[in-house]
Amino acid sequence: MKDKNTPITPRAEDYSQWYLDVIREADLCDYSPVKGCMILKPRGYALWEQAVSFLDAEIKKSGVQNAYFPLFIPQRLLTKEKEHVEGFAPELAIVTHGGGEALDEPLVVRPTSETIMYETFKDWVQSYRDLPLLINQWANVVRWEKKTKPFLRTTEFLWQEGHTVHATYEEAEQRTLDMLDMYRRYSEKMLALPVIVGQKTEQEKFAGALKTYTCEAMMQDGKALQFATSHNLGQNFAKAFEINFLTEKNEYEFGWQTSWGVTTRSIGGMIMAHSDDKGLVIPPNMAATKVVIIPFLKGGEDDAKVLAYAEQLASELKNNSITATIDVTDKRPGEKHYQHERFGTPIRIEVGGRELENNSFVYIARDLSEKQTAESKNLVETIKNELTNMHGRLFDIVQNRLDTNIQDVSTYEEFKQAIEDGKFVRCFFDGTAKTEELIKEETGASTRCYPLSEVEQSGICIKTGVPVTSKKVIFARAY
RNA sequence: CGGGGUGUGGUGUAACGGCUAACAUGCUGGUUUUGGGUACCAGUGACUCCGGGUUCGAAUCCCGGCACCCCGACCA
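Quick note on my numbering: the first sequence kicks off at 8 and runs consecutively.
Since the hints were derived computationally from the structure, they do not count as laboratory data. From the three backbone atoms N, C-alpha and C, an ideal C-beta is built for every residue, glycine too. Just to be clear, a hint being listed does not mean it is correct.
[Stated by the list, open to error] What follows is a list of derived Cβ distance ranges for each label pair:
no., residue 1, residue 2, range
1, 388, 137, 19 to 29 Å
2, 73, 388, 29 to 39 Å
3, 441, 328, 50 to 60 Å
4, 41, 341, 31 to 41 Å
Whole structure, please, built from the sequences with the hints as guidance.
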């Protein structure tokens, strides 16, 4: 943790350094001895736990069961689907020795579990009666990335990966979209983060997928962050792994598959999108501790009464499912205030002799600096409302940022300028890998997605001028 | 992996090639304070990232490694 004479870097000065400062100040993680890996400290892990509890419930509600597959994947399995192996080959961690001896066949540390799961799924799926097969796993995966940043890109990360097999394309597509929508809800309800949901271009889709859908969020510097994906795998993997089943007509057909995942990166997105120059801001629904109560203790005989009052307020909140703690450390009040601002605790309540006397309490929402006073009989209602309002305020700020920073352009000059200004750009594009690469080279912007909200229409490609009939695509610089 | 930058107590910094590596903060104990980082006293804490070299003498110069940061390429 930094000291008081070394405040965190202001956002405008160096966004990247600010982000690292916020994380360190909030005591979320440590660097590991292995480059690029992240040690999640309790405060950081608590954020992920909130995400897990929401997502796990939603996943189960949609009929999916949890299972667990091994960390090690025999290398030959990974090579079965051609595009898949080509996509992942450069970032694999491979184990060559075990028990002190060289292994006959190297083992890949899973970068994702399609291959090892589907090798098994082929045995689980025999008949149309076995479908749909709906499996999810909570796991860690390893991708040996060149460059890392806490939460946003780490060598090892935590995620949830869902894998399903269906009897028809339509059903698989529906599942793909349903899970995409779950991620949108996760983002909006938990992270207070509005997102653009849409479909990835051919070039940007998942290695081995038919279609990839994504949630794209806008950070405070205008860069995009993709933090959840849902893939319609078609029959690509089913063919490679021979996942076939007998239909009602007693004919063999390959299964139609989906996979979908969200990672600890989403926590990074939340941090980047909401935090400020004072430090971390945790949206209320993501905060394990929603309220911290700071009693003003003056060393007199009133202290016991003030403390009892604080405890009374805390237990009332807890009885109404609002997690609250009392900060009884012997630090000075000001120091506590700064600390909890850096920790991002959504609401701070202050009580002392004054409040005790007139049965009130002072509260401050993390995203506002004004102190407000309320009567203790209205405690639960007041705090509940404030938590709800805070969620709304955080959401609206990001929504507004998104709305005002998406620009429709019709010339390449406009395009370049808008990207330079840190905006999301919406335009037509010919859909080719060549054009996409060229634009990326010249401007640093990549395609984010074809938003689901867009409609197909005629236009001309922003770069090549070729006439196209398609949705407009979003371009942006991205993390 | 290419280009650039930075590595000094837990943290942030300082020190011309030259005294026992300095200051602030933190941490521990004490007194004092407590409605936005109290003040003072005492204590604690660094083979100056690692390994070589140049030199009478290296935190400082040179070479090699490693780590971190920034900009690219790769990606959730």
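Hints, one by one, checked against the model:
With their beta carbons about 51 Å apart, residue 388 and residue 137 fall outside the hinted range of 19 to 29 Å. Distance hint check: the CB atoms of residue 73 and residue 388 are about 37 Å apart, consistent with the given range 29 to 39 Å. With their beta carbons about 55 Å apart, residue 441 and residue 328 fall inside the hinted range of 50 to 60 Å. For the pair residue 41 and residue 341, the beta carbons lie near 39 Å from each other, so the given range of 31 to 41 Å is met.
Going through the hint list in order, the structure does not satisfy hint 1, though it satisfies all others.
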